[in-house]
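In this text, residue positions in the sequence shown follow the numbering used here: the first is 1, and each later residue adds one.
Check the hints yourself; a few may be wrong.
What the hints assert, rightly or not - Listed next, with one range per pair, are the computed distances between beta-carbon atoms:
hint, residue 1, residue 2, range
1, G116, G278, 23 to 33 Å
2, P186, N89, 22 to 32 Å
3, T103, T205, 13 to 23 Å
4, D180, S107, 19 to 29 Å
5, R322, T123, 19 to 29 Å
6, V117, E86, 44 to 54 Å
7, E216, R322, 32 to 42 Å
Unchecked claim - Straight-line C-alpha distance at most 30 Å; calculated DSBU-like pairs for lysine-lysine:
hint, residue 1, residue 2
8, K285, K143
9, K184, K194
10, K184, K303
11, K106, K255
12, K167, K67
13, K279, K315
14, K131, K255
No wet-lab data here; the hints were simulated from the structure. Remember, predicted model here, so these are calculated numbers, not experimental data. Cβ atoms here follow ideal geometry from the backbone N, Cα and C, with glycine treated the same way.
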Amino acid sequence: MKKTIAITLGVLVCTLLLYYASTDRNTGESYGSTSQKETTGESLTDTPKVIESTVISDENKPEASSKMIVTGTADSAFPSGFAPLERVNYSVSDPNNTKGLSTAKKSHSHGPASGGVAHHTVTAFQKEFDKYGALTLDTSGEKVLYLTFDCGYEYENLTSKVLDVLKEKGVSATFFCTLDHIKKEPDLIARMIKEGHIVGNHSATHPSFPTISRTEMAKEIEETENYLRENFGYGAKYFRFPAGEYNENALDLVKSLGYMSVFWSVAYDDWATDNVRGKDYAIEKVMSRLHPGAVILLHSVSKDNAAALPEIIDKARAQGYRFESIMNYE
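Throw the hints in and build the complete structure from the sequences for me.
What follows is the structure in structure tokens.
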């Protein structure tokens, strides 16, 4: 009798052990079983995915976990390589600013860095921006640089030359583009996306955000976002205020829509196309103002910038800096 009971218990234990070994202890789903998406017939590729670069180097390749950029399914029939995404419809929180956030106009400006140290005003700005998830300075202390360009129009094919340099050097940049520029230069926008750069939102009509309502701000951002989604299968949650003009109310609105406001800590007067001073001038201006955690703002209409960019990248790397995508800041 005892022998029979022992045998029975032994069989029962072995059975339980075999079942337990074939089951994931966290989910209870048996290895090799059909997932929920497979049983419902839903395609695993139907959901938007994070863009993967085909050009940028390992030094600045975005983390695959980023949720700030989405794309449609891969489809070579479309210029960007991605099928269209659905439109978004942003709900405006507190449209009448009942919280009484400051509406006083501010223009982003700061002192230049010196000796590889960010100006104290930049540090002060970042402390102010932390509340709204905005970026002007990476305060990690690492010798990292974020390269950004503002794009409102195209001039003498200079953006293509900039993209050629970035591809050659293996650097990812962020291009903050207005809707007008996106519409007029679809080939450039598609190239930016395909080569692993971020196409950031610079508004639809480039208004001064402190002078418009929260509803109008949201419309400016939404219109640009939806054009990118429908025509390039692409969406990015990075925003730059036109002319760097903002206020507390605008910062709050942008954050409420899920966007990161991106300012800068290195810049110079490079936007006038008729003010050409040579690549050496651009190199000196940028290099003398570098500091760990810098967000560099350049304009793609500058001949000086296009000519100086290869040396700026090489010289910065020689000083121990590395270039990263803003996606890696998260």
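Cross-check of the supplied hints:
no. : hint                    : result
1   : G116 / G278: 23 to 33 Å : holds (24 Å)
2   : P186 / N89: 22 to 32 Å  : holds (24 Å)
3   : T103 / T205: 13 to 23 Å : holds (20 Å)
4   : D180 / S107: 19 to 29 Å : holds (22 Å)
5   : R322 / T123: 19 to 29 Å : holds (21 Å)
6   : V117 / E86: 44 to 54 Å  : holds (46 Å)
7   : E216 / R322: 32 to 42 Å : holds (39 Å)
8   : K285 / K143             : holds (18 Å)
9   : K184 / K194             : holds (18 Å)
10  : K184 / K303             : holds (20 Å)
11  : K106 / K255             : holds (17 Å)
12  : K167 / K67              : holds (24 Å)
13  : K279 / K315             : holds (14 Å)
14  : K131 / K255             : holds (10 Å)
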